[in-house]
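Student: These are the residues of each chain, in order.
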Amino acid sequence: MRHYRQVGSTNDVLAELADQGAAHGTVVVADAQTAGRGRHGHRWFSPAGTGLYVSVLLRTVSAPVLTLAAGVAVAEALRAAGGLEATLEWPNDVVVAGGGDPRKVAGILVEATTARGRVERVIVGIGINLREAVWPVELVDRAGSVEGLSGRRVDPAHLLVELLAALATRCAEIESGAVAGLLARWEALAPSSHGAIVEWSVGSGRHRGVTEGIDEHGALLVRVGTHLERLAGGEVHHVR
Amino acid sequence: MDFDEINQILALMREHDLVEFELERDDLHVRLRKAETPAPSLLPAAPAVVQPASATPEPASGGTAETGPTFVEAPILGTFYRASGPDASPFVEVGDVVKPGDVLCIIEAMKLMNDIKSEYAGEVVDIFIENGQPVQYGERMFAIRRV
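Protein sequence lines, in the order shown, are assigned to chains G and C.
Under the numbering used here, read the first sequence as residues 332 to 571, first letter to last.
Under the numbering used here, read the second sequence as residues -13 to 133, first letter to last.
Don't take each hint at face value.
Pairwise CB distance ranges, derived in the manner of DEER restraints [as the list claims (entries may be wrong)]:
(1) G:Val570 x C:Gly81: 39 to 45 Å
(2) C:Gly81 x G:Ala511: 45 to 51 Å
(3) G:Arg561 x C:Ala74: 25 to 31 Å
(4) G:Ala515 x C:Val80: 23 to 29 Å
(5) C:Val80 x G:Glu451: 23 to 29 Å
(6) C:Val89 x G:Gly356: 21 to 27 Å
Keep in mind that the hints were calculated from the coordinates and are not lab data.
Treat the numbers as computed from the prediction; the structure is a model and nothing was measured.
In this text, a Cβ means the ideal position worked out from N, Cα and C, and glycines have one as well.
Make the full structure from the sequences, and use the hints.
Tutor: In structure tokens, the structure reads:
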């Protein structure tokens, strides 16, 4: 494990280490990120002293269900170390009810590289808001922190240990091919995986349906009239 | 070796259901390989790149025969992205020259963002999938004229 006071992005630092041959399980932790990233070029607000920013290198696990496993690990760590009723929205948005709309307290960015048809490595990047910060205006209505929502000051080291232990357990399940326990745990942590209205886009078409759980690969099942749609990617929005 | 002989080898490959045939004799070197038609899957497997024809005779060593572009196929199913974000420049455009290891695109499956790297050096001559569209396992994404 490598700890830095400040990096551009923990995923980028770990990608460089991976290119230099870093081993499966290598972890990068930083107190602050100057260029924290989310998916599709979104930035992850990562000021010093308010969050936990960590990336984990995986070389033996690459199934897409890994993204659900990362969500489960974060939610379980927040429950164990932060006393927060953290829940999941498909596939791995970590949210906590906080008066009004659910607040997003953690972000997960899973990045893989594939060459010659083989996955070379996967980096699981996780950012958790520990304390309240001066949020950028576009986040004020959506972001939350562990301390702000639970009233408890969480020890970052305790949270990190819980997080890495939970992630290791779930990765071992995926490696062994026995993911039924993982999928059941995910569904238990994701009340919106049953009976919630969601919207998604395919090409220029916008669709709407009602969630009916996940399949054996972790894809979201959505009822549209008499038809059961299977969503394995793209952006799914919860209609509140 | 003439085309009649190549046709005889192709007939033998069909008859015996051979995937690949290689012959070396004096200064002659011929290799024939059938394209694979893998089954759809959520999980990555099998080669990402195949030759375009159902069986492509490679030129004898020292030959100058023109070969078509090489197609880069999707190693997983998911959503195809040409750039890292809506405001970012595409990884590659038609006419760009790429080398092995250069990122061609991202395929997203269940929010796992997968950088797909080029296996070949060459010029990108075609891009078959539009940004943000679903891509199937084994579907052609790029054509690269190898150098």
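Student: For every hint, state whether the structure bears it out.
Tutor: Here is what the structure says about each hint:
Between G:Val570 and C:Gly81 the C-beta distance comes to about 43 Å, which sits within the given range of 39 to 45 Å. The given range of 45 to 51 Å is respected by C:Gly81 and G:Ala511, whose C-beta atoms sit roughly 49 Å from each other. About 29 Å separates the C-beta atoms of G:Arg561 and C:Ala74, a value consistent with the hinted range of 25 to 31 Å. Between G:Ala515 and C:Val80 the beta carbons are some 47 Å apart, a value that contradicts the proposed interval 23 to 29 Å.
One distance hint, 23 to 29 Å for the beta-carbon pair C:Val80 and G:Glu451, holds here, with the actual separation near 26 Å. For C:Val89 paired with G:Gly356, a C-beta distance near 25 Å keeps the hint of 21 to 27 Å intact.
The structure fails to meet hint 4 from the earlier list, while all remaining hints are met.
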